[in-house]
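S.K.: Chain by chain, the residues run as shown.
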Amino acid sequence: MVKVRKTSKPPPDGWDLIEPTLDELEAKMREAELAPHDGKRKVETLWPIFKIHHQKSRYIYDLYYKRKTINKELYDYCLKQSIGDKNLIAQWKKQGYENLCCLRCIQPRDTNFNKKCICRVPKEKLEEGKVVECVHCGCRGCSG
Amino acid sequence: MSISLLSNTYNRQNWEDAEFPILCQTCLGDNPYIRMMKERYGQECKICNRPFTIFRWCPGARMRFKKTEICQTCSKLKNVCQTCLLDLEFGLPVQVRDEALQITDTIPKGQVNKEYFTQNAEAEMALEQTPQPYGQLAKAQPPSDVLMKLARSAPYYKRNQPHICSFYVKGECKRGEECPYRHEKPTDPDDPLSNQNIRDRFYGVNDPVAEKLLSRYKELPQLETPEDKTVTTLYIGNVVDIDEQQLRDHFYQYGEIRSVTVVPKQSCAFVQFTQRDAAEEAAKESFNTLVIDGKRLTVKWGKPPSAQGSSGRPGEGGVFETNYEPVPGLPTVVPMPSNELKTDFFGLSSSSSSSNVGVSATTTSFLPPPPMPPPDLGDYTSSLSYGHMSMTNPSSMPPPLSSLRTGVHYPSQDPSRVGSTASHGKANE
Chain F
39 MVKVRKTSKP PPDGWDLIEP TLDELEAKMR EAELAPHDGK RKVETLWPIF KIHHQKSRYI
99 YDLYYKRKTI NKELYDYCLK QSIGDKNLIA QWKKQGYENL CCLRCIQPRD TNFNKKCICR
159 VPKEKLEEGK VVECVHCGCR GCSG
Chain Z
196 MSISLLSNTY NRQNWEDAEF PILCQTCLGD NPYIRMMKER YGQECKICNR PFTIFRWCPG
256 ARMRFKKTEI CQTCSKLKNV CQTCLLDLEF GLPVQVRDEA LQITDTIPKG QVNKEYFTQN
316 AEAEMALEQT PQPYGQLAKA QPPSDVLMKL ARSAPYYKRN QPHICSFYVK GECKRGEECP
376 YRHEKPTDPD DPLSNQNIRD RFYGVNDPVA EKLLSRYKEL PQLETPEDKT VTTLYIGNVV
436 DIDEQQLRDH FYQYGEIRSV TVVPKQSCAF VQFTQRDAAE EAAKESFNTL VIDGKRLTVK
496 WGKPPSAQGS SGRPGEGGVF ETNYEPVPGL PTVVPMPSNE LKTDFFGLSS SSSSSNVGVS
556 ATTTSFLPPP PMPPPDLGDY TSSLSYGHMS MTNPSSMPPP LSSLRTGVHY PSQDPSRVGS
616 TASHGKANE
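For the record, the sequence lines run as chains F and Z. Position in the first sequence counted from 1, then plus 38, gives you this note's numbering. Position in the second sequence counted from 1, then plus 195, gives you this note's numbering.
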């Protein structure tokens, strides 16, 4: 099924180049949504959703800011259609947050002592050999 | 049927609120910078079932988060830590402490009785100005040596370890490296220590850990006093980084110390008293209870001097750890002289022994120093021989000292002389 469009206007030029990749990502997301929960922890079932969401936003961000292969119009169109997360991309523009996994991990209100998630701690500061999968999105460390 | 007291909010005045938990040092952990979470009325007390404030914290790296399990009222009733339910002073189970101090407070265990009792106890505690321990514990008691011996000297952090990963036990743990639970073999279910019940532990009834500790105490080695009454030396083991002054500071209370020797290589020390009963007292008091600088010292009697390898070595009080092999080339132990030779220093046995046998028995007693002043200490033997000579053979001329006869006897080996080994301990009268 084709994704719902928020405006009646046709998409700007350049859309045809990115549409196949976006369709693939969409399909992946749908698969993740329908995946069974057997054998997984309660929190673990949501991790693929956050991962794919990050991937989609990353694709749009990369194309516009890094590779600069699409124009502003198309970029704004993607954000308007909620293909890429506007708030997450806004964080990626900040220093230190370039690889941020998801928005939940920097929310202090979600933690017991009003701090950020453990995945935001750089690996050097964390004690040696400790593998962390953060409880929100399964991230193994997204700082630096 | 019992409804949770948390949902029954009609008795809310009975719910406990607290500022800070009552905890022991091991539960708090080794990190001085703890972050603790407080939740008002978060859980029911495991003993009295009333809602109370729970505190939750991490006792250190790789430890599970601990939280308070019983309310402050219950913990004050038994003077125990709110999480581990061990005594706050000694870290021992309630049953052990009560048996050692012979405390027989009875706290009701039945449902209604218990609620009534805790209610009243809490009201009383709120009224008193200075917090007192409840019941018989408040009586001033002499420090119990049973408890001192059984108590740990260092915190036991193995209690704070995470629980065993039950998925790992089944072979199904998918988390692998990042699994916070322990991947170890679970404890044997047949072991009586695995059936522990929080109520039993609190009331001091039927506690397998307590029973194990008490039986272990009964089998503790008891210190035997050596039969040799002259030994006043105590061997102190596990002496690491403890200096002589500290040992003196502790042992002076039992009596006058003759000498203290520390042997860092063997990490031991020898404390010699002037009086035998002082040494006995010190041994009795310090055996298995002595802790200096946080280190528990082993106290034993020193070996009596007759068990020494070689004679004539003063100064150490006659105790040696290892038996050294005889060094080749050194003179070996000189044998004691035969009875005949005890007075016959110059081989005059053929002429005088027959007549002197009777006399010799009396002359082996301690002789006054000879009237002739010895030129120097080196010549002492010769001057003494003069003295001997004057007693045994007043008529004949003293022949030159000869030790060429079989059965050499040195005057210092004479058992009646002061300074010879056997009488070492009896210097003070």
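Keep in mind that the hints were calculated from the coordinates and are not lab data. From the three backbone atoms N, C-alpha and C, an ideal C-beta is built for every residue, glycine too. Just so you know, not all the hints are guaranteed correct.
Between beta-carbon pairs, the in silico distance windows are [to be verified]:
(1) F:K104 / Z:T382: 51 to 57 Å
(2) Z:D383 / F:K163: 36 to 42 Å
(3) Z:D225 / F:Y135: 47 to 53 Å
(4) F:K104 / Z:D225: 18 to 24 Å
(5) Z:E372 / F:K104: 30 to 36 Å
S.K.: Let me make sure I understand: some of the numbered hints might not hold for this structure. Which ones are they, in numerical order?
M.R.: 3 and 4
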